[in-house]
Amino acid sequence: MSSMDSKPMTPSSVDEVRDLVKQFAHQGNQRPYLLPVGSGSKTGLSDWSPILPDQLGRKIERISTSRLQGVIDYNPADFTITAYAGTTIADLQSVLDEHRQFLPFDPVFVSRGATLGGTIASGVNGPCRMLWGGIRDFVLAVEFVDGTGESITAGARVVKNTAGFDLPKFFVGSAGRFGILTSITMKVFPKPRGYATLHLPCKDWREAMSSRTQIMHSPLEIVGVELLSDATLLVRFAGEPKACMAMAKRAAELAGNANGQILDGVQEVMLWDELRDLVTAPAHHLIRLATRPGSIVRIERKLQEWEVGYRRVGHGGNSVWLEWPCQRSLGPLGEYCKEKSHPIAGTIILGPALSPWVGCSGDRVYWELIQKALDPNQCFLPI
Amino acid sequence: MHDEQTDLPDDFLLRMRLIYPADRYTTSSAHLATFESDGLTAFAVRPKAVVFPKSEEEVQQTVAACHRWGVPFVARGSGTSLSGGSLPHSQGIVIALNRMNRILELDPVDMVAVVEPGVVNLAVTRAAAAWGLHFAPDPSSQQVCTIGGNLAFNAGGAHCLKYGMTSNHVLAARVVLGDGSLVTLGTRSLEHAGADGLGLFVGSEGLQGIATQVTLRLVPKPEAFYTVLAGYSSVDQAGDAVSLIIEAGLLPAAMEIMDRTSMQAATLGVGAKYPAGADAVLIVELDGAKESVKEDQARLEALLEKTAPIARQVAADAGERAMIWKGRKSVFSAVGHLSPDFIVQDGVVPRNRLGEALRRIGEISQRTGIPVANVFHAGDGNLHPLIMFDGRQSDALEKAEATAAEIVKLCIDMGGSITGEHGVGMEKRAFLPQMFNGPSMDMMQRIRKACDPKEVANRGKMFPTGEAPSMSLYGLHPLEKQGIASRM
Chain A
1 MSSMDSKPMT
11 PSSVDEVRDL
21 VKQFAHQGNQ
31 RPYLLPVGSG
41 SKTGLSDWSP
51 ILPDQLGRKI
61 ERISTSRLQG
71 VIDYNPADFT
81 ITAYAGTTIA
91 DLQSVLDEHR
101 QFLPFDPVFV
111 SRGATLGGTI
121 ASGVNGPCRM
131 LWGGIRDFVL
141 AVEFVDGTGE
151 SITAGARVVK
161 NTAGFDLPKF
171 FVGSAGRFGI
181 LTSITMKVFP
191 KPRGYATLHL
201 PCKDWREAMS
211 SRTQIMHSPL
221 EIVGVELLSD
231 ATLLVRFAGE
241 PKACMAMAKR
251 AAELAGNANG
261 QILDGVQEVM
271 LWDELRDLVT
281 APAHHLIRLA
291 TRPGSIVRIE
301 RKLQEWEVGY
311 RRVGHGGNSV
321 WLEWPCQRSL
331 GPLGEYCKEK
341 SHPIAGTIIL
351 GPALSPWVGC
361 SGDRVYWELI
371 QKALDPNQCF
381 LPI
Chain B
1 MHDEQTDLPD
11 DFLLRMRLIY
21 PADRYTTSSA
31 HLATFESDGL
41 TAFAVRPKAV
51 VFPKSEEEVQ
61 QTVAACHRWG
71 VPFVARGSGT
81 SLSGGSLPHS
91 QGIVIALNRM
101 NRILELDPVD
111 MVAVVEPGVV
121 NLAVTRAAAA
131 WGLHFAPDPS
141 SQQVCTIGGN
151 LAFNAGGAHC
161 LKYGMTSNHV
171 LAARVVLGDG
181 SLVTLGTRSL
191 EHAGADGLGL
201 FVGSEGLQGI
211 ATQVTLRLVP
221 KPEAFYTVLA
231 GYSSVDQAGD
241 AVSLIIEAGL
251 LPAAMEIMDR
261 TSMQAATLGV
271 GAKYPAGADA
281 VLIVELDGAK
291 ESVKEDQARL
301 EALLEKTAPI
311 ARQVAADAGE
321 RAMIWKGRKS
331 VFSAVGHLSP
341 DFIVQDGVVP
351 RNRLGEALRR
361 IGEISQRTGI
371 PVANVFHAGD
381 GNLHPLIMFD
391 GRQSDALEKA
401 EATAAEIVKL
411 CIDMGGSITG
421 EHGVGMEKRA
431 FLPQMFNGPS
441 MDMMQRIRKA
451 CDPKEVANRG
461 KMFPTGEAPS
471 MSLYGLHPLE
481 KQGIASRM
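Protein sequence lines, in the order shown, are assigned to chains A and B.
Each residue of the first sequence is one higher than the last, beginning at 1 in our numbering.
Each residue of the second sequence is one higher than the last, beginning at 1 in our numbering.
Worth flagging that the hints you see were computed from the coordinates, not collected in a lab.
Each residue gets a CB set at the ideal place from its N, CA and C atoms; glycine is no exception.
Okay, the calculated beta carbon distance ranges per label pair: (1) B:S90 / A:A90: 53 to 59 Å; (2) A:R298 / B:A30: 54 to 60 Å; (3) A:R298 / B:S90: 51 to 57 Å; (4) A:D204 / B:E305: 50 to 56 Å; (5) A:G334 / B:A30: 54 to 60 Å; (6) B:Q434 / A:G265: 50 to 56 Å; (7) A:D73 / B:Q434: 17 to 23 Å; (8) B:K326 / A:G256: 38 to 44 Å; (9) B:L104 / A:Q214: 23 to 29 Å; (10) A:L354 / B:G438: 36 to 42 Å; (11) A:D91 / B:E356: 26 to 32 Å.
Pairs of lysine-lysine, BS3-like flavour, derived with a Cα cap of 27 Å: (12) A:K249 / B:K221; (13) B:K449 / A:K22; (14) B:K221 / A:K191; (15) B:K221 / A:K242; (16) A:K242 / B:K294; (17) A:K191 / B:K162; (18) A:K191 / B:K290; (19) B:K306 / A:K191; (20) B:K162 / A:K242; (21) A:K242 / B:K290; (22) B:K454 / A:K372; (23) B:K294 / A:K249; (24) A:K242 / B:K306; (25) B:K449 / A:K372; (26) A:K249 / B:K290; (27) B:K294 / A:K191; (28) B:K162 / A:K249.
All chains, full assembly: derive it from the sequences and hints.
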């Protein structure tokens, strides 16, 4: 449900996107800000509270890439695929499926209609990104319309390239503040032939994190490490089915915990599907904090103190997912994340917010410099 | 260190003397001479001064002074850049970071190492070995090249296919931008909130500023390897084998092809042995957990069987594996046995067009009469043609350069890149506008100026400008002669 005044504009070609931006750039100071969106599956980034335009002094006009659809080029032998930004991840996956390939960063919200452009702009990786890498490690090239209405290309449509500045990576997590992505080239990998998961109930998060470190220091091929609020540790392995089972067994031995259970088959797949496409009540903000593993136990204590219902440690301690009731102010969370001794940055993925980001990011000064370079007329929202 | 007359502004020189004690600042021509070239020995430029900071504060003060007085600077680690990326500026200074070489922290829980930019790549892996962890990027010069240089040029290596490049293994950096301001990019987390500033900084070839502290991701060392060398009667056949492996869904850590000339060089250089009658060899390496390698090995063997190689050698132990890699990595230093001079390019083509690219390189070579040896990261489509010539003959260098330019253009025409891992630097800056159109080039310039308004950071690199020092003869870098560094 949108709280914006009007429906987004839906250009059907890159030229139309350029024309729209140029039109906006030539309007006066009272022109609305442009906010590029995809399908709107991550409302924290695409659908904002009406209080925001008042605070900014300018309205917000959304520009959707939903009509920029389709695969432009797919080269299975080179592990590359290029598609328009509005292409849904589901459509992309069905094309890749034909060659048993996939997007190894495990894109989220696929069932909610997530698009390729929105996935890049949100910068949110799925739980099974641990072995191969995140979105930043798989984005090879982007084409975008900058704040002057020019169509810019950066990167190259090959798996290895160091020519020019690596803007494709910069657009990961950029939330539409620097330009409108129109097409993207991703690296893809062959799909693993099997999976297995070690399901390890632990006494508390401290014990679970200790087992996590034991297992993660081993050379086992781990694609996902999640820790649930009841202190259950889940470790997923990918590869040849026999090898996955053997690795899960070895991980159970390493943890030295007799309660471990090894899951495979449909049950195992469903477990990770649920973790990936989180279902949350609309009355809650869904927030993902980028954390360091060493701080997890401390963060857990705070979340308990706040009585946060849904909370989960992702990526082996490199993220924390939590639900925060919309009626409660985000203030205390923001303050906690800004504490100088242990700053944390987070993304508000679902729920209305003043900004898609919570907490403290040291990158902010740099973002402002780059924004001036890419958007000198301030067409896009400020950071 | 000895001080000599320079024409740098007096106030700037005074500032340098205030920042640095005499033993960490030099304008002596004898000292400056050692900084004239980097790994691309075709260029030599003497800087006006060299400073040796020991702290971030000193770097920041130095850069702020360069910004204030408009003095260009080049940050330099071990000077192994193969694209002339750390070539000095004739009107500027070199900021040598070798004394900022401390590993500040190793955290086995966060699985990170926090290091200064002058730390040598391999030193990180050595320090992390106690936990069974390592720093994955392994450029061939990893015994000497520094983390700061790896970051600036997004260094690659033979194992990029599975593990990625430097950029994929850096989590955070403190950076002094070209205007002297200090920014922090990224955090210790693998995950990030907001635009990936670090991603844009890494690989920017020193044009945005200097990293003064870097947080690196450490990953477990693979415990098992399976390395096989297969000989084929043609390069095309070896290329077909690569395609078959990829199509079957295997993801080896490395896939390398050497042609006959490269094999000859490796044999002359380090006594490497290759199957008789082979015109090309393919090296495939699987690595990871022993359970995985065991399963993948069976699949790989079945696939190689189908390609009907002339012969196959499987490394039986670590020693044999090291020998296969020694031969492979020696090619560049060993080419000196076949030709007094050579140029190497590192363009990229889509992997499925490797065969076509090699055929066309062969045609160029035949037409120009310039011999070209090929050794390449086949898994990445990353070519490394060695263009051989004798610089003592008149116009040989020009002919070789013309051949190199044709090969770079070929990569662009085939939808690839002018550089896969060496960077643009001084060497390929004329080609960047062939890869990116006007608005895209302008945008990169705007980004550069946003970070460095006076363009003092590594001025004259990456973007084509008027101030090009002329090339001299190519030859081996002293490190290459010793076999420590190679151009891969």
